[in-house]
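**Q** Protein chains in written order, with the numbering used here: chain E, 209 to 453; chain Z, 320 to 616.
Simulated from the structure, these hints should not be mistaken for lab results.
Please read all numbers here as calculations on a predicted model, not as lab measurements.
Where hints are given, some of them may not hold.
[What the hints assert, rightly or not] Far from chain E, by Cβ distances over 12 Å, these chain Z residues were calculated:
hint, residue
1, Glu402
2, Leu406
3, Leu415
4, Ala418
5, Ser524
6, Ser559
7, Asp577
[As the list claims (entries may be wrong)] Okay, the calculated beta carbon distance ranges per label pair:
hint, chain 1, residue 1, chain 2, residue 2, range
8, E, Leu425, Z, Asn479, 32 to 40 Å
9, Z, Asp481, E, Ser367, 51 to 59 Å
10, E, Ile392, Z, Gln340, 30 to 38 Å
[As the list claims (entries may be wrong)] Okay, the calculated bits of chain E under chain Z, using three or more residues with CB under 8 Å as the criterion:
hint, segment
11, 210 to 223
12, 288 to 297
In this text, a Cβ means the ideal position worked out from N, Cα and C, and glycines have one as well.
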Amino acid sequence: MRSIVNLVVIDSSDSLRPPAFDIMMIIISSLGAALATIQPISEPHVAARIILDPTLFAATIFLALRGSAGIAGLIQRGIMDVYLSYPVSRRSVFLIIYISRVVLPAGTLLVSPLLVAAIVLFPVVSRDPASYIIVFAAYLVQAVMFGSIFLLLGLVARSTGSASVASITVYFAYNITSLLLSIIGTTLRSDSMTSLADAMSFYYMVYRSMLGVEVELWQFLLVPAILLLVILAGYIYFTRRFEPR
Amino acid sequence: MEKIVVVSEVWKRFGKVQALQGVSLEVNKGAIVGLLGPNGAGKTTLLRIILGLMRRDRGLVELQGRDPYRDPRSRHGVGVVFERPVLPESLPVKELLMAAARIHGTSKDQVDEAIAESGLEGHEWKPFNALSAGLKQRAAIAHALVSDPVLLIADEPTSNLDPLERAKILNLLVELNARRGLTVLVSSHVVSEVLRVSQELVIMSRGRVRLRGPPEEVLGGLNIVRVRTSDPESLWKLLSSAGFEARVSGLNVELDVDGAHGKLFKVLSAAASQGLTIYSVDFVEAGLENVIGGEDA
């Protein structure tokens with residue numbers, strides 16, 4: 209455990225290194241503060257959604273550009289060799305890079321504007337902080353799902369440019385698919401297509417259920433299932449196939 | 320004699336390239352073993368397989384009695400210096416070394432000792448990316464030493480360094496071996512460097528171990544040497560004044576060393592420190608031409 213914590217410290221010094229990460233955090237936090245002040249908001253979960261919608265986009269693009277390329281760069285520069293030469297198992301190294309390249313950046317980028325907004329909107333948020341946090345957790349799951357895909361692409365691509373391009377392509381392909389399903393479903397009045405389009409946004413399912421709209425179980429499970437599958441694929445690839453060259 | 324590394328009949332293929340072909344090797348505790356061969360001989364691949372960074376296709380590898388690919392405990396007390404000195408860039412080197420020491424389960428004193436031994440004092444609070452090439456290599460060596468190693472694996476530790484820095488790094492390896500009983504497995508494509516430090520020599524080419532044994536035994540039978548240099552006339556003069564009968568042919572100087580390999584490499588080291596560029600040293604004998612070759616400075 210001590211090895212894992214120390215290696216997370218070492219790797220996050222690289223993954224969260226200034227100035228790019230700091231600048232991004234300041235921009236997103238300012239955005240959170242601006243969104244919290246420019247419109248009247250009466251419910252905590254509505255506040256969370258208004259702030260996190262644009263934040264998720266910015267955080268995901270950041271993860272696609274920095275996270276994925278960061279992993280590829282780690283391999284290209286030979287730092288992965290250093291990590292794997294420690295007396296630490298591959299399982300642990302995978303966990304470490306997952307924490308410092310996906311969970312920590314995604315969590316920090318989402319939580320910072322939310323904290324700023326919570327201060328600005330304290331009277332609203334303090335009425336029901338749990339719902340504010342639940343919406344945050346739902347957005348975090350979505351961001352971590354994208355981050356996990358980008359991590360896998362970074363491990364496989366091994367070149368920073370290819371990793372970034374592949375990640376951005378996958379991100380937009382995912383969102384365009386969701387949008388097309390929604391448009392086609394609405395046009396053809398196909399509930400299954402619109403339901404699938406909605407289910408591709410986990411935070412939207414959580415938000416709708418908080419508004420009292422009925423959400424089917426599979427719609428809740430789609431994004432977490434993709435997340436688990438991607439983590440499993442990354443884990444198997446890294447522990448059984450991956451070789452830094 | 321206790322064996323710290325055992326490699327037996329190891330094969331490794333990358334796509335169409337057969338990188339290792341039945342390589343066998345043993346490293347005894349306390350020895351300095353030099354792994355010598357031209358670029359592409361398979362030295363780095365072999366070292367990575369010994370460290371467990373890569374899978375082998377076939378064969379057996381034991382590092383401290385364990386399979387390094389499956390058992391990370393095999394890397395306890397193993398320090399590594401990679402060809403390119405790389406460490407995470409933005410942390411001050413000392414902080415990085417402290418974290419690495421905690422990973423290895425060694426103390427803060429070990430960090431201070433590693434900094435002193437590697438000659439990094441005065442630079443330990445700088446981030447890695449602010450260091451010069453020589454200091455980066457020293458930081459990489461300090462990083463290898465914080466594990467309080469029983470074995471140091473160094474993959475071309477002197478590449479990209481100037482002759483003075485090269486000499487310092489090589490002296491450090493010899494010193495650590497003498498003082499701590501540190502086992503060293505060092506690879507290089509530069510003959511003079513490996514000969515200077517090694518008690519045992521392993522010569523590789525095209526993924527195979529060609530020769531193995533004490534340096535004098537390995538090189539004893541190889542007497543016709545061709546040295547490629549930037550200034551053959553000056554080298555010829557140096558060799559002649561050392562008593563060698565040499566002849567110049569283009570950029571090459573050829574000579575019969577007649578068993579005096581140590582003397583030859585002293586002359587070549589002296590020539591290199593005088594600023595002469597030695598491009599390669601080839602043993603021109605019995606199909607072994609180009610077994611050893613490469614760039615020197």
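**Q** Against the structure, test the hints numbered earlier, and report the numbers of the ones violated in rising order.
**A** 1, 2, 3, 4, 8, 9 and 10
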